[in-house]
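In case you want the letters, here they are:
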Amino acid sequence: MIINRDLCDICGSCVAVCPADAIEISEFKVTILDEVCINCLKCIQVCPIKAIKEGN
Amino acid sequence: MISSKYDVVVIGSGPTGSVTARYAAENGASVLILERDREPGIPVRCAEGVSHNGIAPFIDIDQRWIASRIETAKLTAPNGESAYLYNNGIGYVLERRLFDNALAELACRNGAQLLTKANATGLVWKNNRISGVKYTHLGQKKEVLCDLVIGADGVESRVGRWAGIKTDVALKDIDTCVQYTMVDIKVEKDTIEFFFGTDISPGGYVWIFPKSEDTANVGIGISGHMATEKGPKYYLDNFVERHFPKGKITCRVYGGVTTAKTLKKIVKNNIMLVGDAARQVNPLTGGGIAQGMHAASIAGKIAAEAVKREDFSSQFLKKYRKEWDIRLGNIQNTMYSMKEKVINMSNDRFNRLVKVCQGIPRDEFSLKKLFTEAVKGDPKLILDIAKAFVVYKMK
Ligand SMILES: Cc1cc2nc3c(=O)[nH]c(=O)nc-3n(C[C@H](O)[C@H](O)[C@H](O)COP(=O)(O)OP(=O)(O)OC[C@H]3O[C@@H](n4cnc5c(N)ncnc54)[C@H](O)[C@@H]3O)c2cc1C
Ligand code: SF4
Ligand code: SF4
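Chains as they are written, first to last, in our numbering: chain U, 158 to 213; chain G, 11 to 405.
In short, the hints are calculated from the structure, not lab data.
Treat the hints with care, as some may be off.
Just the calculated beta-carbon pair ranges, DEER-fashion [as the list claims (entries may be wrong)]:
1. U:211 with G:11: 35 to 41 Å
2. U:164 with G:344: 33 to 39 Å
3. U:213 with G:100: 35 to 41 Å
4. G:73 with U:198: 44 to 50 Å
5. G:52 with U:164: 46 to 52 Å
6. G:351 with U:198: 23 to 29 Å
7. U:185 with G:99: 39 to 45 Å
8. U:164 with G:74: 44 to 50 Å
9. U:210 with G:180: 21 to 27 Å
10. G:340 with U:210: 39 to 45 Å
11. G:119 with U:196: 47 to 53 Å
12. U:186 with G:100: 36 to 42 Å
We treat Cβ as the ideally placed atom computed from N, Cα and C, and that holds for glycine.
Please model the entire structure based on the sequences and the hints provided.
Dropping the structure here:
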């Protein structure tokens, strides 16, 4: 998964739906750990600003 | 000075973290709150609506953090027809930044310590027991020891996950939201508005929560499983274009509100979850402030009791769960069933519901009257009416 950091508002919605605990969040940025991600695509669907795309 | 050991460490200084900390400290526990942002309450990611009865038990109402006082709610159906709901008690649109700060101050005055710019990054484990929190503060890695960790870290919560609690929600159990704070628009200062309809806000609603005569939080939440490529922004932009073409936007926020049941597990040995982190949000309305504060008042007292008894076992901490279920958890489950129905409600039903509301004169408006009118005209609407009322009362 690729996050467009210019779009991401660090709202945490993607973290709330991730079944794999593959998303880390701090006050400055959100990071998806590709090695943990199971490609369920839930984060892409929930993101209110559509900042996440498939790929790595 | 921050010590190296506390009875209780609370992660997050949103409303629930601060209220938990306050009740725990007031009842004798030593408490540290870790907050990753520079101050409590920022960035605001909220429509800021609460009912008076929801928050009054936990803080004295102070005009400093109230933007407007709400007396009525207005529902607008997909066909554009509107109805007012009267006589339902007072509500407020808050200044959340100031409100959250006031709650954090209350916690501190009662003995809790607050460390901002402190981002929790994991738990400290000793002999397979949770015994503290790892965090970064001003670029340095640190640790603080404690007997009890409380995860009040919001919708983005990771604390539960660190403890092995399953916290992820289904797409149908989260609303994906966008909100604009708008100025130079005409709104009714004492009225909150809700707009329904499958083309307006699939599986959710648009809200207008006024902050003054010409400013308001205008937002939308759509059910996660109905959020296609379009996303909530598409629908909100359409709405704003139609209703406030000349308005200006002073703030844009994005966010998620869970519309789930409370998590199956909200305690484990040496750990409790509260508020959004425990998914203690009203699933029908997305209101989480008052519910979270209520849960926090229970959790804080039980945390202090655990400290007195030196018993941090999940067995003991389950008292919090039991008390929560009795006070609001069971109601939340009912709301959840209603939500399941409401997200699939047709435009036609929304239209009919508003029509029934319209038929009742202002001074005669009551839930009872609404029911009587509904039974006369359209018995099947009763459930829908209950839902609509709840939207207003519980937000
Ligand atoms: C668009 C939108 C509109 C809403 N409108 C309303 C409304 O009108 N009325 C209502 O009642 N509710 C509303 N809600 C829900 C409401 O905002 C939440 O339920 C409420 O904020 C929950 O409080 P909390 O204390 O549990 O979490 P939060 O207020 O989210 O606080 C969590 C805190 O934890 C901190 N934190 C997170 N992770 C860490 C970490 N690792 N280390 C340190 N600190 C951390 C965060 O910085 C934050 O300060 C809305 C939500 C959204 C998104
Ligand atoms: S695709 Fe699924 S598993 Fe991967 S980061 Fe997104 S939500 Fe998590
Ligand atoms: S849901 Fe989107 S905007 Fe929100 S934190 Fe995740 S990537 Fe960023």
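Evaluation of the provided hints:
no. : hint                         : in the structure
1   : U:211 with G:11: 35 to 41 Å  : violated (49 Å)
2   : U:164 with G:344: 33 to 39 Å : holds (38 Å)
3   : U:213 with G:100: 35 to 41 Å : violated (52 Å)
4   : G:73 with U:198: 44 to 50 Å  : holds (47 Å)
5   : G:52 with U:164: 46 to 52 Å  : violated (20 Å)
6   : G:351 with U:198: 23 to 29 Å : holds (27 Å)
7   : U:185 with G:99: 39 to 45 Å  : holds (41 Å)
8   : U:164 with G:74: 44 to 50 Å  : violated (35 Å)
9   : U:210 with G:180: 21 to 27 Å : holds (22 Å)
10  : G:340 with U:210: 39 to 45 Å : holds (41 Å)
11  : G:119 with U:196: 47 to 53 Å : holds (49 Å)
12  : U:186 with G:100: 36 to 42 Å : holds (41 Å)
Checked against the numbered hints given earlier, the structure breaks hints 1, 3, 5 and 8 and satisfies all the rest.
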